[in-house]
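Residue numbers (my numbering), protein chains in the order written: chain F, 1 to 255; chain E, 256 to 510; chain B, 511 to 765; chain H, 766 to 1020.
Calculated directly from the structure, the hints in this document are not laboratory data.
Worth double-checking, as some hints may not be accurate.
To be verified - Derived, one-sided and incomplete: chain E residues facing chain F with beta-carbon distance under 7 Å:
(1) L346
(2) Y347
(3) A391
(4) F393
Backbone N, C-alpha and C define an ideal beta-carbon position, used for all residues, glycine too.
Number of protein chains: 4
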Amino acid sequence: MSRLRVDLNADVGESFGIYKTGQDELLLRYITSASVACGFHAGDPSVMRATVQLASRAGVAIGAHPGFLDLAGFGRREIDAAPQEIADIVLYQIGALSAMAGAEGLKLQHVKPHGALYNMSVRRADVAEAIARAVASFDESLVLIGLPGSELLAAGSRLGLHVAGEAFADRSYETDGTLTSRRFADAVLSEPGQVTERAVRMVRDGRIIARDGSILSVRADTICLHGDTPGCTALAAAVRHGLERAGITVAPLKD
Amino acid sequence: MSRLRVDLNADVGESFGIYKTGQDELLLRYITSASVACGFHAGDPSVMRATVQLASRAGVAIGAHPGFLDLAGFGRREIDAAPQEIADIVLYQIGALSAMAGAEGLKLQHVKPHGALYNMSVRRADVAEAIARAVASFDESLVLIGLPGSELLAAGSRLGLHVAGEAFADRSYETDGTLTSRRFADAVLSEPGQVTERAVRMVRDGRIIARDGSILSVRADTICLHGDTPGCTALAAAVRHGLERAGITVAPLKD
Amino acid sequence: MSRLRVDLNADVGESFGIYKTGQDELLLRYITSASVACGFHAGDPSVMRATVQLASRAGVAIGAHPGFLDLAGFGRREIDAAPQEIADIVLYQIGALSAMAGAEGLKLQHVKPHGALYNMSVRRADVAEAIARAVASFDESLVLIGLPGSELLAAGSRLGLHVAGEAFADRSYETDGTLTSRRFADAVLSEPGQVTERAVRMVRDGRIIARDGSILSVRADTICLHGDTPGCTALAAAVRHGLERAGITVAPLKD
Amino acid sequence: MSRLRVDLNADVGESFGIYKTGQDELLLRYITSASVACGFHAGDPSVMRATVQLASRAGVAIGAHPGFLDLAGFGRREIDAAPQEIADIVLYQIGALSAMAGAEGLKLQHVKPHGALYNMSVRRADVAEAIARAVASFDESLVLIGLPGSELLAAGSRLGLHVAGEAFADRSYETDGTLTSRRFADAVLSEPGQVTERAVRMVRDGRIIARDGSILSVRADTICLHGDTPGCTALAAAVRHGLERAGITVAPLKD
Chain F
1 MSRLRVDLNA
11 DVGESFGIYK
21 TGQDELLLRY
31 ITSASVACGF
41 HAGDPSVMRA
51 TVQLASRAGV
61 AIGAHPGFLD
71 LAGFGRREID
81 AAPQEIADIV
91 LYQIGALSAM
101 AGAEGLKLQH
111 VKPHGALYNM
121 SVRRADVAEA
131 IARAVASFDE
141 SLVLIGLPGS
151 ELLAAGSRLG
161 LHVAGEAFAD
171 RSYETDGTLT
181 SRRFADAVLS
191 EPGQVTERAV
201 RMVRDGRIIA
211 RDGSILSVRA
221 DTICLHGDTP
231 GCTALAAAVR
241 HGLERAGITV
251 APLKD
Chain E
256 MSRLRVDLNA
266 DVGESFGIYK
276 TGQDELLLRY
286 ITSASVACGF
296 HAGDPSVMRA
306 TVQLASRAGV
316 AIGAHPGFLD
326 LAGFGRREID
336 AAPQEIADIV
346 LYQIGALSAM
356 AGAEGLKLQH
366 VKPHGALYNM
376 SVRRADVAEA
386 IARAVASFDE
396 SLVLIGLPGS
406 ELLAAGSRLG
416 LHVAGEAFAD
426 RSYETDGTLT
436 SRRFADAVLS
446 EPGQVTERAV
456 RMVRDGRIIA
466 RDGSILSVRA
476 DTICLHGDTP
486 GCTALAAAVR
496 HGLERAGITV
506 APLKD
Chain B
511 MSRLRVDLNA
521 DVGESFGIYK
531 TGQDELLLRY
541 ITSASVACGF
551 HAGDPSVMRA
561 TVQLASRAGV
571 AIGAHPGFLD
581 LAGFGRREID
591 AAPQEIADIV
601 LYQIGALSAM
611 AGAEGLKLQH
621 VKPHGALYNM
631 SVRRADVAEA
641 IARAVASFDE
651 SLVLIGLPGS
661 ELLAAGSRLG
671 LHVAGEAFAD
681 RSYETDGTLT
691 SRRFADAVLS
701 EPGQVTERAV
711 RMVRDGRIIA
721 RDGSILSVRA
731 DTICLHGDTP
741 GCTALAAAVR
751 HGLERAGITV
761 APLKD
Chain H
766 MSRLRVDLNA
776 DVGESFGIYK
786 TGQDELLLRY
796 ITSASVACGF
806 HAGDPSVMRA
816 TVQLASRAGV
826 AIGAHPGFLD
836 LAGFGRREID
846 AAPQEIADIV
856 LYQIGALSAM
866 AGAEGLKLQH
876 VKPHGALYNM
886 SVRRADVAEA
896 IARAVASFDE
906 SLVLIGLPGS
916 ELLAAGSRLG
926 LHVAGEAFAD
936 RSYETDGTLT
946 SRRFADAVLS
956 EPGQVTERAV
966 RMVRDGRIIA
976 RDGSILSVRA
986 DTICLHGDTP
996 GCTALAAAVR
1006 HGLERAGITV
1016 APLKD
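All chains should be built: construct the whole structure from the sequences, respecting the hints.
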């Protein structure tokens, strides 16, 4: 009987030039996989290098977090780009980060699209296919992270990639499995005990309680923690320790 | 007795979005090494992919041509960046292009800094060191192209890199070995016979006649051809054929 | 009885840095209004200044042609920006161009959104409203150019702006009044005689023959000519002279 | 006998997209002139609009703070741009900010170049001339702020502009009148009493004590306060109140 296991991931390296954001150094103590911004929606080459070094020292697995070239919009605005253009910007960013990782003696573990690219890859098969193709053309052993049930994970599987379903312990879910819009006050959960309990239940039972009380099935290969909210590192610590206390192994996606 | 040998290189992939420049497809018939713009001073990810595919089909070796992030200035304006920042942008760009090459089953052969970065690497030891370090940290088998006698080649050699001295058959030289400023009418040569003769002499004798008639020593591991001037492809053809007629092997920097 | 009258406009100033596009100088001989790119989708400050100077010398009225900040996509990709963000980038670009015009002693005549912004302003009331508000907040005497029947012209009218309907003599129309997609071979017309005849008919009769032979009503306060196609200046000359021969006054939108 | 008088200025609007920096709202309570970033080295159109609105509500005079197009370097890296290019980017940025101000019913009071552009304008007559020309071509009633004794103020005066010498109460000076490099621990002063005393002395006596104890003459039409350091608003309050207690009128550059 195999032990229960989950990965904890967070988006890091989102500073740019003089602009500092996130608490990467603290967060890296609790997560097992770091998705590093690649210079398009956030991060610049110097931030990327420094972030890779921090993750390396913390022993955290590194992945690419490619986004649209839209610093002003932080990659959160959908851009009507052609699938081939999307494949090209994703491959470009993976290569750039991989070079930074290689200079530290590391290989990339995964790729997780950012923001609007992530959202578009949930429902648009052509975008999903473009991203998965770019990942596979770089390295077929990379893990592709996306929303469970998304076109992205389907495309990744078709191409023979390892895929990992991502769940959000600190976000409220709707009955249809989507995340509650941030327009609602209860979209984001911040009480450590509650978030930890949800995380444990996701991994142990594959279940999460939706906003209306109904119970959803969820595939949680990796749980996303946020690094840009007040109290985020305390929350990360609580979730990490809660999972371990529940006998769940917290480890990167690849051994 | 080894045969005489030289590489012919040109800068390619300098289009961007709707903006087309250069005659890459024609030029690739005559050159043996292509320095591909990496998205900072020119080129975008889609142009990079297409350029790598063209070079691959033409059987031409590929290298990275990293520059400053300055599309408006085409990377020709010196920017007072810290050496570490320069190392970071160079490594980033090499990685990005390498990913494009890898998707076509190719490895990069060389790195040649562009424009202001190239010029700064001639005389500034800190910039040269930063560039050479970035190249070595990516792949120690890459060839580093620079001006003969430059700080760049010295830094590359110190780090154990293969270095290649670049000469310009279609440019006039001053007595001190620098190129004649483009402010002078006779800075650029365009007569195919004359340019070809200079190319042959560079390789066969290691000599070039300066603007004032004096004779200079020059190390020409690779000769640079330009792809953005009228008649450039005819000139490239003339030089290629002239070198071969003179019994000189025209081949990439690495076998 | 007032004489028939129409404006001829073209998009100009779309070069960027070393990248040259369009035949602005020739085109400015035939048009009466120039829509100048403002640095976001094309144009840089130096190109803008030079373009304003060319238009000034040619006696052509100047307008702002604001677009999305997307040089790689030439402003043709829709970006899911908030209306307030759109208002802000439009106002920013109008101000920037106005400063260039002012340095030549000129005032802006009009604003015409570019590419994806133009298309979004046809059907999205919130985007149209944002653009119109930005224009009105800068100068209520500016003319707002858009597609006849668009949300943009409706929003402009509501705010008390002068609006001008734009027609395309060299493009094929569908029965519903939209332009034939460029995916079809007959989307773009290039035969000078035919294009001229269509231009005259648009102005004289307010009618255009659609692709399927049906007759459409069209409001043509200004006719758009393209500057980036082979033969575009010959076409511009033919249309200009054809309109004048038909007794139609070709003049800017404002006297 | 005229009363003593000085302006207090600070750089504001330096956020960008999701990146927040500075404490503009608090700082605006104490300063009389706000230099607003114009989108090139910092600020985006939405940040600019919001900043202008804040300044307007606070009754603070607004000026343009143009910089190099170098967000990654925050405009602090010198770029070897041609004087005409510099004139063009300065005029562009002034125009853009002026449009934002106009939408709030305000006119710009001044222009102060940012970072590397400011530093280059101290010693390079061609750069100074380019900036001053751009300012004059936009509006001859704008005040040009620069370092006392700089080429910038000389160029502005030659062109008939009002110029204002800027002094730094919280920075240490060298004997030659330059600011002590930030590499030294005592380059920046943060003790409110000391900074206030220096400010008062600058205005009342036109004198400042240099790092080595010698006494320098300084022309302080405006005193710069920083908004990006811890305790900056307390320091701003102390300086403002200290100047007023000393009988000095704190008021914008233009009435």
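Give me the numbers of the hints this structure contradicts, sorted from smallest to largest. When the structure is compared with the hints, only number 3 turns out to be violated.
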